[in-house]
Structure formats: structure tokens, C-alpha cells
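Novice: Sequence:
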Amino acid sequence: MVLSRLGEGATAAVDLRGVAFSEAERVIFRAGPLTAAAFRFASGVDAVRLSNGPDEVLLLPFQGQHVWSARLGGRDVGMKSAFDMPRPTQKFFETYGGYFQHAGITAIGAPGPTERREQHGELPNAPYRDAAVLFGEDASGRYIAVTGRYNHTVAFATNYEAVPILKLYEGRPRIAIGITVTNLKSTPLAVHYLGHLNWRAREGGRLVGTLHETAEGMRVRQEIPPHIEPGPGYVEWIAELAKDPGLAGTLTSDKIFAPEVVFSFDPLTDDEGLSHFMQVHPDGTADYTSFAPKDTGAGVRWICRTGDQEAVGMAFPVRSPGEPARVNGRPVTHAPLGKGERFATEIVAAVFTPAEAEAMGRHIEAVKRQRA
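Quick note on our numbering: the sequence shown kicks off at 211 and runs consecutively.
What the hints contain is simulated information worked out from the structure, not anything from laboratory work. Given the structure is predicted, the values throughout are model-derived calculations rather than measurements. Possibly wrong hints are sitting among the right ones.
Stated by the list, open to error - Pairs of lysine-lysine, DSS-like flavour, derived with a Cα cap of 27 angstroms:
#1 Lys549 / Lys504
#2 Lys465 / Lys290
#3 Lys549 / Lys395
#4 Lys465 / Lys578
#5 Lys290 / Lys301
#6 Lys578 / Lys453
#7 Lys578 / Lys504
#8 Lys453 / Lys465
#9 Lys395 / Lys504
Claimed, not checked - Simulated restraints, written as ranges between beta carbons of each label pair:
#10 Gly539 / Gly456: 17 to 23 angstroms
#11 Ile438 / Gly351: 37 to 43 angstroms
#12 Ala545 / Pro442: 43 to 49 angstroms
#13 Val364 / Arg572: 44 to 50 angstroms
#14 Pro298 / Arg572: 42 to 48 angstroms
#15 Ala252 / Arg327: 26 to 32 angstroms
#16 Ala230 / Asp464: 47 to 53 angstroms
#17 Phe293 / Gly381: 29 to 35 angstroms
#18 Glu439 / Gln300: 23 to 29 angstroms
#19 Asp294 / Gly228: 28 to 34 angstroms
#20 Arg240 / Pro298: 27 to 33 angstroms
#21 Arg540 / Arg416: 27 to 33 angstroms
Where a beta carbon is used, it is the ideal one built from N, C-alpha and C, also for glycine.
Use the sequences and the hints to build the structure in full.
Specialist: Dropping the structure here:
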């Protein structure tokens, strides 16, 4: 697994299976300002800290390749939660609050009344047998990365391999999170996927992106899933958002985002096939997310502000067989994977300066006019 990556822009690797993790953090790789350090949480979960100097990302290489936290552009960007450290479990809500999780592949979302599975499927905290640190260079620059391999095999049902990778780039507060899934079974694999990227919700944050904030283009979830209990005024607020989803475009404390508000939306793309989204802070800086919806289809926006949790998923790329999806107003469908076929996607996350945010804001508005 490690050596196979060395022909794809990576020039050095550290196999994490041979690293002795302990509560004493130690650097295991260094190339100029790019470093990787390994340690073990007091809970027993192994972790790797990637750094480019001012920015850092903390990953759990053997537990879902879960991104537990991140610091980009001089601030902690991950969601606030009640957990002070990850727990060694595959149960979604028993180790909750990371910055990013891969979700899927056999299912996403809340389990139905007759389903016996975890929230968002098997990937979020999947046990990885292989993991490695990589160093290399691609079109975006030099990077330090973590990758791994997870095989999900259930007799008579499923057999696939998932290979994620997260790259932290030198000299900029930017990461790229990718995953490739290969069907190893003789029968087709219907791929469900969601990239659960949870930014810290900021009071006064303004959400902008390449989507139409209309009742048709941005649809609020009105069903109440079993894992949440709505408070006073919640149902009425959801009814308002069903008519005008733009009311949720600014995050202020007078709006009801507890326990959560969820939208599905139809992404718009620029000429390069990318969708762009920002949470613009009152100081003009911005949190930024981008992906190519041709790989997935629909998008989801998730906002959660309970006091215990503060999070905004500006845009989750979602692939869900059987669910209608439209990109640039056109239907998008994905056939199941045949044996040996692959699904791959990538999400970019970054923090922008005010000038960069202003330029991206102009680009977003131009895309919306083009796709009107």
C-alpha cells in the first residue's frame, strides 16, 4: 500500500504499522517545515499530527482516518463538541465532534427503523489495518499526507477497499481530502458516500456558495429523525426555511439551529467543474470548501448550534443511489460499480484572507449568474 503511492507524486513514506505510539509525542518525519508527529491519546487512540509550521491537522490513522481537529490560518477550524479526545469505538455518537469523517459506503444518514447499522455507515470510525505518512509534491505544491487502506468484507454481501488520503500543503492553510473506493466483489456495489466536513460555526458568519438559495434549489429537511428532539419554535422555523432557505444564510444567535438544520441542494459549477462555498467571518476572512459534484451529485448543508456543539457543514458532497440529484440543473445518476471499478472524489478545505475571500465571492456570484 505504501509503495503503490510513491509513483503518484509521493517521494517518501513512513509505514505507521512500524511506529511505536505512546503518550509522549515525537516527530517521525521532517522535510523542511513539513512534519509528522505520532502519539497516543490517554483514551488509547493513536494519532498523527501533520504540520507545515503555522497550520496543523490531527488525524486518527487507524480509526476511520478520522480528522479529529485542525488549525488553519491561525485559528481552530473544527467544530466544538463535548468530547475532549477521541474514544476507541466504531459507534458514531460515542466519539463525536471531529473536523472531518468519510461516511458510507454501504449506507449514509440515520438508520431506518429496521436497519441495524451505525449512523453514516461503516467508514467514519472503520478499523484500518494499514496506514502511512507520505511526503511529495503535486500541482498544488509540496505536501505531507496520511493515507491508509480499509477492506470491508461481509460474506454474500459486500467486499470493497477504501483508500483515503489527506494532504497538508507547504506555505498555505490548505488541505485536500480524497478517497478511492474499489469494488472487489463479483456483483455490483451501490456506493453511498458523504464527506462530513465540520467547520466551527462563527457568530455572524455569512454562508455563500455556488447554489441557488430558492425553495426549489435548496430544500430543508422537514422530517424529524429519531436521534434529535426539537425544542420550542423549531418546527415553525423549519416551515419558514422551506419557503425561504436564504434566512439561514447568516449565523446569528436569534436563529434556531438546535439541534440541527439540514438542507439538500443542487450544486452549480464553474467552467472547471468545481463548486465553491465559504463561511465569511465578520473580519472578512473565510473558511472555504470546494469539490467536483460530477463525482457525487447532490450537496448537503448542515448547521448545528446547541451550545455543546457548534458546527457548520457548508457543503457536504453526497452520493446516494436512488436519491434525485441535479448539477447545474441537469439530473446526475451513478451506476453501481462493477467488479474492479472505482469511485473517487476529493474535497479541498482552506482558510482565506479578506482579499482571497473577496475574490472568491466575486467568482461565486459570476457562477450563479452564469447558471441562472
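Novice: Which numbered hints are broken by the structure, listed smallest first?
Specialist: none
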